[in-house]
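**Student:** The lines below spell out each chain.
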Amino acid sequence: MKKLINDPTRVVEEMIEGYIKAYPKHVRQLAENDRALVTAKETRNGKVGVLIGGGSGHEPAFIGYVGAGMADGVAVGNIFASPPPDPILEATKAIDKGKGVIYIYGNYAGDVMNFGMAAELADLESDIRVGSVLVTDDVASAPKEEKQKRRGIAGEFFVTKAAGAAADKGYNLEDVVRVAQKANDYTRTMGVGLTPCSLPQTGKPSFELADNEMEIGLGHHGEPGIEKGDLLPADQVVDRLMHDILIDMPVESGEKVAVLVNGLGSTTNMELYIMFRRVEHILRDKGIIIHRSYVGSYSTSLEMGGASVTITRLDEELAAFIDHPADCPLYVQK
Amino acid sequence: MKKLINDPTRVVEEMIEGYIKAYPKHVRQLAENDRALVTAKETRNGKVGVLIGGGSGHEPAFIGYVGAGMADGVAVGNIFASPPPDPILEATKAIDKGKGVIYIYGNYAGDVMNFGMAAELADLESDIRVGSVLVTDDVASAPKEEKQKRRGIAGEFFVTKAAGAAADKGYNLEDVVRVAQKANDYTRTMGVGLTPCSLPQTGKPSFELADNEMEIGLGHHGEPGIEKGDLLPADQVVDRLMHDILIDMPVESGEKVAVLVNGLGSTTNMELYIMFRRVEHILRDKGIIIHRSYVGSYSTSLEMGGASVTITRLDEELAAFIDHPADCPLYVQK
Amino acid sequence: MKITAAEFKTFLKNVVTMMEEQKDYLCELDRKLGDGDHGVTMSIGWQAVNEKLDGELKDEQDCAKISMLAGRTFLSAVGSSVGPLYATGFMRGAKAIQGKLELGDQELRDFWVAFVDGIKERGKAEVGEKTMIDTLQPAAESLQTKFAHTNDFVASFTEAVKAAELGMESTTGMLSKRGRSSRLGERSLGTKDPGAASSYMILHTFLTTITSAQTV
Amino acid sequence: MKITAAEFKTFLKNVVTMMEEQKDYLCELDRKLGDGDHGVTMSIGWQAVNEKLDGELKDEQDCAKISMLAGRTFLSAVGSSVGPLYATGFMRGAKAIQGKLELGDQELRDFWVAFVDGIKERGKAEVGEKTMIDTLQPAAESLQTKFAHTNDFVASFTEAVKAAELGMESTTGMLSKRGRSSRLGERSLGTKDPGAASSYMILHTFLTTITSAQTV
Ligand SMILES: Nc1ncnc2c1ncn2[C@@H]1O[C@H](COP(=O)(O)OP(=O)(O)O)[C@@H](O)[C@H]1O
Ligand SMILES: Nc1ncnc2c1ncn2[C@@H]1O[C@H](COP(=O)(O)OP(=O)(O)O)[C@@H](O)[C@H]1O
Ligand SMILES: [Mg+2]
Ligand SMILES: [Mg+2]
Ligand SMILES: [Mg+2]
Ligand SMILES: [Mg+2]
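Residue numbers (our numbering), protein chains in the order written: chain A, 162 to 495; chain B, 162 to 495; chain C, 580 to 795; chain D, 580 to 795.
Check before you lean on any hint, since a few could be wrong.
[As the list claims (entries may be wrong)] Pairs of lysine-lysine residues, derived as BS3-like cross-links and limited to a Cα-Cα distance of at most 25 Å, are as follows:
no.	chain 1	residue 1	chain 2	residue 2
1	B	Lys305	C	Lys703
2	B	Lys182	A	Lys495
3	D	Lys611	A	Lys310
[Claimed, not checked] Short, incomplete list of chain A residues facing chain B, as computed with Cβ under 8 Å:
no.	residue
4	Pro169
5	Glu175
6	Met176
7	Lys182
8	Ala183
9	His187
10	Gln190
11	Val398
12	Gly426
13	Glu432
14	Arg438
15	Lys447
16	Ile450
17	Thr461
18	Leu463
19	Glu464
Hints were generated in silico from the structure; no laboratory data involved.
Computed from a prediction, not measured in an experiment: that's the story for all the values here.
Idealized CB from N, CA, C, for every residue including glycine.
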């Protein structure tokens, strides 16, 4: 597949360079490790540090979410590959202000091992308290009884938002972890893929689908989904996604939710709004209140075609955090 | 090409419905015409109204740019087709607060005729003063001597931003028009296409390119460009775009500019940052100061692959307007 | 000859059918020169006209009102470049036949001359710029000249449609000067202008409608 | 038998070469089961190791230090799942041969047993879950058993590589339980696990390196 790149082995370095230069007032690269980026404004004293990260290729996630009201630092891996412990550790040291650091990341074998090693080193070498919340929002990736095995996809945005707001409000580490964990427990996502992406280094499509097929419940690295099906009209696709989400996490009439209709890369805003429209119909029919909506490409898989729907149940505490302002290079909320 | 839609003839209606439902606090649809959207907060009394619009398929442009500090209203056409005079006229009436309305739109035959007819009707039927600024930023679309023939592409974002800020600061119609016209005069864009888009109703690709080809200077509706060339590494592509831009509009060392690296649809943020990186190198080498940068999909052509670079020269007045805060559904700046 | 409102509506209905058939072809031309939507735009516009024909205009007997509403409906449905152009054509045509329940030779001539003049005025294009004007202007000129000698609309319009066809064909070899395709330079050579094609189709449909109506 | 630091470095160099050759094949397996990057990840990691071999490690004579730095370098270069896994293998192996300038039969056995134990501990996978453990654990078991009887590393390791191959092949028929592919269910059947393949390649390369070194 065609890409506007130079050396395929240097895409992550060049992306980071461009990103840092585009937002010098927002983010800076650590001298200790060029894959560790932190807020240029310096984490406030006494604030819990919020650290996110994972493989590249999901932009605006995760680099785009460093800023006021969201994360203080991010560790950047190769494409679709967890960062190693070094950048995680360096970012941890840079953003710890004595109150500890929360790690928020998707539940993937690689991330679990690398963030786990970094947390251990932060404790042993630097005496920094680290709390970890693994995002497990993807309904399609394991049965309900094994939610702890599920992978994290677009719902990580809401978990980061909740934790970022809680930390910004001065919550201590235990409470920020509690809030993030609750946000994760209250969040479900399910996605559908139409066209594959390709790694810059191989140029090969991540999966193959006929012109009339879609992949249901696929992962956000192009991992195959739970089943292939006929390509259906948008409304039927949304019905299927919402059905699986609401079976897994029943929401009562009168409850508030946040909604994210997320594009995986090459899906247009037009398609996402058409999908959101159907989500709104379904929720309205059930008497569920949409407290806030997010529609756009918040967490992508390179240029993959497809979309996911995320629903987060909101109690009073989470609703306030979703409304909390944020000022990141790739996400601003007033 | 695969799309997540329902009825291809109703994509614009369904998109608008979803959009309005996603941002009820920001935008509303006029009862008089469902293709006319205006700010939900009501235009301030005594403020000049800012009206934008054009064909659909460019989202987040133009619907996404209605909000504080930007436009007050937008007229929405069919895909890649100017809206007719009716929605333009209705939006004009809704946002005029006695101080007149500025129309900002791209220089296309259709838009010129439809906005022109609407402006005439606004004057004749409703006695509303209308000023018009046609965006002509696309360097590739006509020689320098015929700038008035050039079409408008991504640079319309900066023209809207400048006019929106000026109107927000209380400038009168003549001055808002002067500012918008200056922003247009100081703005140049040039783009490159890698992969085509397809209209929902035909499903056919807008152009054909071999795997090793790119289209230089293409329009943002998939109109063919000025030439086909070999697909080059990102840096060489940027060199070509910047060369053509800076030949056309020389910028002195020490001058300030705003930069927009715009994705046309399916181009990833990663690629856009790699391109921005090179833009930054070129400008830094010339001693030109980047006052503010915008990198992302600000004006698309459905799912087209490719990108454009926009440079706007900033005097004191324009620099202040670029920094002016904005709060639109699809673009927020603090 | 005489055209009733019913026949005028048959003409519009025939255009509706014909545009559905030619939609893909017109898009194909526009893909080469523009943004690929000309067939879609024509189809949307004429479908909207069709709805009016089946609704509001069902019992309308005034040709001018029919043409006026067709033009306004087309414009509201499509915008685009051709919205204002064709709409102005039908609306100016309407003005030329105001209050007429039947259209005789003179009215029909006036209708089409006004139709073309309106489009010229709206778009400000000249012959040779690769637009629908290359079809319409030769047609209008031929119609006027021939009619001045004969006062026979069908004979004059038959000639006009031939001139229109030649004009349309001539756009293939032209460098574009107007609209989206004007940015193509040399690459605009070799493809027929979509608007030149659709306007020929409209004129041609009018001719076949009235000649078959006549034989009845 | 005895392995010098130079021979140990030759082994690592051979892995570097081999991974470049097998890169596409490993990506192909991972495309079917995971995110398609296993070959890329291995290549990036081993290229980083290669740089160290040509630089910092050029004159290093301590096998443990070589293995330790190889592990740390691999980890820093790739992260991913296999970063912590293989890195732990090489670092634990290093610990088992601390201070050794040459590796005799016993040290070589200890190195590979520690290598596999480290990976098991890090990833917590069991045999039968369709991971590199299906290759590595049978190899380590075979090595230990045979070596206990013979004290002959080459003979025991030859057996171990055979057990590794069988283990690797067995993953084709397994349902995945770990890592990305565990979400595939039935669809994971029929494809060999990429990590099982790359770990077999590493063991096999060690065997060919020491046997060709021996004949010298
Ligand atoms: N100024 C003009 N005068 C006459 N015809 C024009 C003018 N501009 C464009 N056209 C006609 O419009 C046609 C394109 O129509 P269409 O594709 O529907 O609109 P758009 O260019 O807005 O996509 C062209 O082929 C040309 O014949
Ligand atoms: N917990 C684990 N224990 C052992 N091996 C594992 C474990 N998780 C994953 N693996 C191995 O990692 C391989 C995938 O590696 P790679 O593709 O490089 O990483 P990623 O899954 O992060 O993309 C799998 O084929 C499997 O053999
Ligand atoms: Mg990976
Ligand atoms: Mg168009
Ligand atoms: Mg067109
Ligand atoms: Mg992988």
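**Student:** Please name the hints from earlier in the document that this structure breaks, with their numbers sorted from lowest to highest.
**Tutor:** Violated hints: 4, 9, 10, 15, 16; rest satisfied.
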